[in-house]
Amino acid sequence: MPNMDVFMIALSIMLQGMVGIFVVIIIISLIVALMGWIGANTGKKNDGKTDAQ
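If you're matching positions, the sequence shown starts at 1 in the UniProt record's numbering and goes up one per residue.
Misleading hints may appear alongside valid ones.
[Said to hold, decoys possible] Cβ-Cβ distance ranges computed for the label pairs, FRET-style:
id	residue 1	residue 2	range
1	W37	D5	41 to 51 Å
2	A33	I13	25 to 35 Å
3	G43	M8	44 to 54 Å
4	G43	F7	30 to 40 Å
5	G39	G17	28 to 38 Å
6	I38	M4	45 to 55 Å
7	W37	L15	25 to 35 Å
8	Q16	A40	30 to 40 Å
Since the hints were derived computationally from the structure, they do not count as laboratory data.
Glycine residues also receive a C-beta, built at the ideal position from the N, C-alpha and C atoms.
Work the whole structure out from these sequences, hints included.
Next up, the structure:
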């Protein structure tokens with residue numbers, strides 16, 4: 001059954017690659033969301049200051 005072993009190894013490598021890609025996508029999206037949230041908050045604070053003036 002060496003063919004089955006090769007198939008299982010290839011499958012595990014593919015799964016590891018897919019998981020890695022998903023992790024990278026999640027991390028990037030979190031960073032972008034965090035930067036957008038910080039930008040929105042600082043923007044609101046600045047708008048509040050300009051409105052107060």
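Hint numbers contradicted by this structure: 4
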